[in-house]
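Undergrad: One line per chain: the protein sequences are A and B, in this order.
Residues in the first sequence are numbered from 1 upward in steps of one, following the working numbering.
Residues in the second sequence are numbered from 1 upward in steps of one, following the working numbering.
Since the hints were derived computationally from the structure, they do not count as laboratory data.
Hints are not guaranteed to be accurate.
Put simply, identical chains are the same to the list, so a pair is met inside one copy or across any two.
The calculated DSBU-like cross-link candidates involving lysine-lysine, where the alpha carbons are at most 30 Å apart (straight line), are [as the list claims (entries may be wrong)]:
{"no.": "1", "residue 1": "K277", "residue 2": "K519"}
{"no.": "2", "residue 1": "K313", "residue 2": "K302"}
{"no.": "3", "residue 1": "K379", "residue 2": "K277"}
{"no.": "4", "residue 1": "K545", "residue 2": "K109"}
{"no.": "5", "residue 1": "K132", "residue 2": "K241"}
2 protein chains.
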Amino acid sequence: MGLILRVNVGTGVIAAAPPGDEYMVLGGRSLTSRIVADEVPPTCHPLSAHNKLVIAAGLFAGTMAPSGGRISIGAKSPLTGGIKEANGGGETARKLARLGYRAIIIEGKPQSQELFILKIDRSGAALIPGEKYREMGNYQLAASLLDEYGNKVAIISNGPLGERLASSAGITNTDREGVPSRFCGRGGLGAVMGSKGVKAIVIDDSGASEINFHDQQEFKSICQMLYQKMTGHPSMEAFAKFGTAGVLNYVNEVGGLPTRNFRTGRFEQAMQINGDKLRETILARGGEGDPSHACMTGCIIKCSNIYPDQNGKALVSPLEFETLGLLGSNLGIGDLDTIARMNYVCNDLGVDTIEIGVAIGVAMEAGIIPFGDGPAAEKMLEEVRQGTALGRVIAEGALITGRVFGVERVPVVKGQGMPAYDPRAVKGNGVTYATSPMGADHTAANTIRGKDHHIPEGRAAISSRSQAMIAAYDSLGFCVFTGAVINENLSAVARMATALTGQPQPDDYMYQLGVSVLKNELEFNRQAGFTKVHDRIPGYMLEEKLPPNDLVFDVTLEDLDNVHNR
Amino acid sequence: MGLILRVNVGTGVIAAAPPGDEYMVLGGRSLTSRIVADEVPPTCHPLSAHNKLVIAAGLFAGTMAPSGGRISIGAKSPLTGGIKEANGGGETARKLARLGYRAIIIEGKPQSQELFILKIDRSGAALIPGEKYREMGNYQLAASLLDEYGNKVAIISNGPLGERLASSAGITNTDREGVPSRFCGRGGLGAVMGSKGVKAIVIDDSGASEINFHDQQEFKSICQMLYQKMTGHPSMEAFAKFGTAGVLNYVNEVGGLPTRNFRTGRFEQAMQINGDKLRETILARGGEGDPSHACMTGCIIKCSNIYPDQNGKALVSPLEFETLGLLGSNLGIGDLDTIARMNYVCNDLGVDTIEIGVAIGVAMEAGIIPFGDGPAAEKMLEEVRQGTALGRVIAEGALITGRVFGVERVPVVKGQGMPAYDPRAVKGNGVTYATSPMGADHTAANTIRGKDHHIPEGRAAISSRSQAMIAAYDSLGFCVFTGAVINENLSAVARMATALTGQPQPDDYMYQLGVSVLKNELEFNRQAGFTKVHDRIPGYMLEEKLPPNDLVFDVTLEDLDNVHNR
Numbered sequence: 001m002g003l004i005l006r007v008n009v010g011t012g013v014i015a016a017a018p019p020g021d022e023y024m025v026l027g028g029r030s031l032t033s034r035i036v037a038d039e040v041p042p043t044c045h046p047l048s049a050h051n052k053l054v055i056a057a058g059l060f061a062g063t064m065a066p067s068g069g070r071i072s073i074g075a076k077s078p079l080t081g082g083i084k085e086a087n088g089g090g091e092t093a094r095k096l097a098r099l100g101y102r103a104i105i106i107e108g109k110p111q112s113q114e115l116f117i118l119k120i121d122r123s124g125a126a127l128i129p130g131e132k133y134r135e136m137g138n139y140q141l142a143a144s145l146l147d148e149y150g151n152k153v154a155i156i157s158n159g160p161l162g163e164r165l166a167s168s169a170g171i172t173n174t175d176r177e178g179v180p181s182r183f184c185g186r187g188g189l190g191a192v193m194g195s196k197g198v199k200a201i202v203i204d205d206s207g208a209s210e211i212n213f214h215d216q217q218e219f220k221s222i223c224q225m226l227y228q229k230m231t232g233h234p235s236m237e238a239f240a241k242f243g244t245a246g247v248l249n250y251v252n253e254v255g256g257l258p259t260r261n262f263r264t265g266r267f268e269q270a271m272q273i274n275g276d277k278l279r280e281t282i283l284a285r286g287g288e289g290d291p292s293h294a295c296m297t298g299c300i301i302k303c304s305n306i307y308p309d310q311n312g313k314a315l316v317s318p319l320e321f322e323t324l325g326l327l328g329s330n331l332g333i334g335d336l337d338t339i340a341r342m343n344y345v346c347n348d349l350g351v352d353t354i355e356i357g358v359a360i361g362v363a364m365e366a367g368i369i370p371f372g373d374g375p376a377a378e379k380m381l382e383e384v385r386q387g388t389a390l391g392r393v394i395a396e397g398a399l400i401t402g403r404v405f406g407v408e409r410v411p412v413v414k415g416q417g418m419p420a421y422d423p424r425a426v427k428g429n430g431v432t433y434a435t436s437p438m439g440a441d442h443t444a445a446n447t448i449r450g451k452d453h454h455i456p457e458g459r460a461a462i463s464s465r466s467q468a469m470i471a472a473y474d475s476l477g478f479c480v481f482t483g484a485v486i487n488e489n490l491s492a493v494a495r496m497a498t499a500l501t502g503q504p505q506p507d508d509y510m511y512q513l514g515v516s517v518l519k520n521e522l523e524f525n526r527q528a529g530f531t532k533v534h535d536r537i538p539g540y541m542l543e544e545k546l547p548p549n550d551l552v553f554d555v556t557l558e559d560l561d562n563v564h565n566r
Numbered sequence: 001m002g003l004i005l006r007v008n009v010g011t012g013v014i015a016a017a018p019p020g021d022e023y024m025v026l027g028g029r030s031l032t033s034r035i036v037a038d039e040v041p042p043t044c045h046p047l048s049a050h051n052k053l054v055i056a057a058g059l060f061a062g063t064m065a066p067s068g069g070r071i072s073i074g075a076k077s078p079l080t081g082g083i084k085e086a087n088g089g090g091e092t093a094r095k096l097a098r099l100g101y102r103a104i105i106i107e108g109k110p111q112s113q114e115l116f117i118l119k120i121d122r123s124g125a126a127l128i129p130g131e132k133y134r135e136m137g138n139y140q141l142a143a144s145l146l147d148e149y150g151n152k153v154a155i156i157s158n159g160p161l162g163e164r165l166a167s168s169a170g171i172t173n174t175d176r177e178g179v180p181s182r183f184c185g186r187g188g189l190g191a192v193m194g195s196k197g198v199k200a201i202v203i204d205d206s207g208a209s210e211i212n213f214h215d216q217q218e219f220k221s222i223c224q225m226l227y228q229k230m231t232g233h234p235s236m237e238a239f240a241k242f243g244t245a246g247v248l249n250y251v252n253e254v255g256g257l258p259t260r261n262f263r264t265g266r267f268e269q270a271m272q273i274n275g276d277k278l279r280e281t282i283l284a285r286g287g288e289g290d291p292s293h294a295c296m297t298g299c300i301i302k303c304s305n306i307y308p309d310q311n312g313k314a315l316v317s318p319l320e321f322e323t324l325g326l327l328g329s330n331l332g333i334g335d336l337d338t339i340a341r342m343n344y345v346c347n348d349l350g351v352d353t354i355e356i357g358v359a360i361g362v363a364m365e366a367g368i369i370p371f372g373d374g375p376a377a378e379k380m381l382e383e384v385r386q387g388t389a390l391g392r393v394i395a396e397g398a399l400i401t402g403r404v405f406g407v408e409r410v411p412v413v414k415g416q417g418m419p420a421y422d423p424r425a426v427k428g429n430g431v432t433y434a435t436s437p438m439g440a441d442h443t444a445a446n447t448i449r450g451k452d453h454h455i456p457e458g459r460a461a462i463s464s465r466s467q468a469m470i471a472a473y474d475s476l477g478f479c480v481f482t483g484a485v486i487n488e489n490l491s492a493v494a495r496m497a498t499a500l501t502g503q504p505q506p507d508d509y510m511y512q513l514g515v516s517v518l519k520n521e522l523e524f525n526r527q528a529g530f531t532k533v534h535d536r537i538p539g540y541m542l543e544e545k546l547p548p549n550d551l552v553f554d555v556t557l558e559d560l561d562n563v564h565n566r
């Protein structure tokens, strides 16, 4: 089941070894969180030699599992101070798995200030001087590396802001076209990669052998069954048509779309930035635009898109709901082109659009620039690129921006900015923000596809189960958008795991797996100093009524405190 | 025993009432911490309506107790997120006590953006419009208020940085000459005062009646005995001669003087900024200079000074050891005039010289300006005044500066910058920094007057007892520099308390009082989310050897965790 590649950037020693028995059937988040919990001292400084950047392909990466090739990256987070796993699509997990690597552990601290490229191929791995790529944006970097190493390689890369150790820095993965657009965005993991002096990881799987299966025929037949059920499934068709932006109308309708630093939950210009407008604009402009784009081999969802400018030239890919919310409505900006340009800059710099959007919203709250002023927001992002003091503050995220500008209304949990669902109106997501070991992170358990969002009762139970299930999706490498089918076929997934590894698994394999992942993560956080007190939504959201429904976050503390009593 | 004055800045309601029985014999820190623990929700945002600013005269303030008239200010700290008490000298406690007020509680949140002056005199208290004082520095503010209210009033005031809610903002008290130089400096309490919209508190005690004693004769005779023992005591004479700066040579000798962001413990230009040089300069320049100045009525120590410029005009008062360390050696600056000018600006802006010094040191570590560059440091402080983005970062303290500039070597505990004793060389102070509920704060238990500073064994026990004793000093209003005499006459102090209040006290009254104060504070912090994990020195100080003695901080975790098991 593959090797663990250990790269010590302090000593330069690179070694590959089979994982211990206890790691044997782990992948993705279950593997990154387990290794971080086992090897990283919970109280260490996230930028110190003691932290480790762990990259693991989902367990099913490299197989024919539908939409099952995501990659997980983990470390102690510079943003939250707790354990973090962020996952993304793209081609990197598949190629790593095909090369026979279960995970990469980057550890130690470089003795020089030099940058390196980690090159991995069939013959092994090597650290190659990469000083010439210093401060290079992700787009030019990926293009240069594809030039240098051939356009079949996949790249995990870090933008200039990760190099500068900014806590909003994410790590990106190239997609099928070699575009560095698939972000493991949250938690500041780019800063950890930056602290290790690794600018990019180039993965060349040419000549790699096929994945080994315990029972390939069984695995294949289950995959075919799943493919069949997913094809033409109405939930997936909506993703293909409108992408993640399809949910914007609904969130706005529910009154939970963050608008002007979470002042209201409905944006009067929502129809200018919703899924319909996005699709319509992409189709009207044509050219390189594409309303439905697959982020990885084997993707059956195609929620990604390519957003073109007025001349049909690709402006950014993909333009997603969270970005539309945080760089759009949350800033009072109702213009797709402005949001798309900001998205491009964020991708190029390698920063998380959610964290940056929340941070700029806080700066707007402080009166640094006005709400709704697109050019001023773009200029602020330019300061992030330039690394001015203001730019560095924004790049450090919403919590720090709030501290620096003396703002009380800062929508964060565990130091991480909230995604584009106001917890007062989408209370299940509020439970997730409060209690996830990841901090405010919708990907830890997004409840928006449920109902009764305004009703506090029952939200905790939904988030609780979902957090466990999502931890399993993240471990197997499944895209969560396959949920409508996977959730109806859990025992089939258990049989897939058995067919791949030979290890028998119970029907509730995914839930059990997820629970064990969370247990690890929660224990790490406990040892890092987190208590129930940190499992809370900011106080102002318990008192300030969110228009238009005048809601506060009123899930009980008892409910919150019981989320992880499974 | 006096009233509690409660000022609600949200409703405008001002009320004075006798304290409940449980507060009856509390004063200073014992009263501020008790009220904060009783009334402030530990998880609230420090700048929210739920926080309260509590000001209490030491129990002995207003009496003839020698050096016993200090004032305590408490709140939930914006800097540490825990409970905070900061105390200072000056005339404000004495006048409050004489007016019959045990404490002032400022609560609520103003409904307008307007600034107010809280005027307290024999006839009661009133909130007076103070908008004209907006952004006024402490020096001009005090002068204007003395002009307006008569030069016999004492003033508790907040500089422009407190108005701007900066976490390094302290609150200052006027001395006998009406100079706003006696700072309750640490923990960002000025930001809490700023959030309440109160620019200054003017205390006019004219016509006030004398303090009531249970047994005035007994009280007086004990005070006379203490005065006698203090007069001419060698430890106090040293303070009068060199001020707190007298300790600089010793700390440098021990190898614990923070130099260039705590890179080394000995400063090659120490003789340019030590107590001898300070005294020699003040005497040589003459004019308004004074090497030995009393900060409050009844002060027998006279550790304060007035530092004149080259023309003999007062430049700042006082110039103290912590400032010499943090704005001097810690920045690589060996010039008294530069340090004095920076000290003046900090006082005028109302920011803590320790926090600002540590923050600038971190900015120097990040390469923003070079170590040793006085003009650049002064310019950086000018940015703090102007409120540029960089200035706001520095004003937010060392932790935030470290986050913004991606620095790992940030000498803070619980978010608060370390005073001028490197914990690797002065390990007892390291124990205090780590375990005090106040964060890194030498005033919580300074062990420098002991010995064996390099030896980890035994340091915890010394800090433990000292933390309790100091909490008692802070509660009674005693200056800790009376320690050499007070510590030898503890039962006499117990009798003083009895003579004042009528309540019998045991011989170990001070220790018991201190223990009960700490208990309150620790419980508040526990409920605010602090665990043993937060009672730690930053990891790099456990590994990076401090020259010239190559020391690490090696007090055991067991010792640290037992400090408060009394």
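Undergrad: For every hint, state whether the structure bears it out.
TA: The hints, checked one at a time:
1. K277 with K519: Neither. Shortest intra-copy (42 Å) and inter-copy (60 Å) distances fail the 30 Å Cα cut-off.
2. K313 with K302: Classified as within; 20 Å inside a copy, 75 Å across copies.
3. K379 with K277: within (25 Å within a copy, 50 Å between copies)
4. K545 with K109: Close across copies (17 Å), not inside one copy (47 Å); limit 30 Å.
5. K132 with K241: Intra 41 Å, inter 60 Å, cutoff 30 Å: neither.
In summary, the structure is inconsistent with hints 1 and 5 from the numbered list given earlier, while agreeing with the others.
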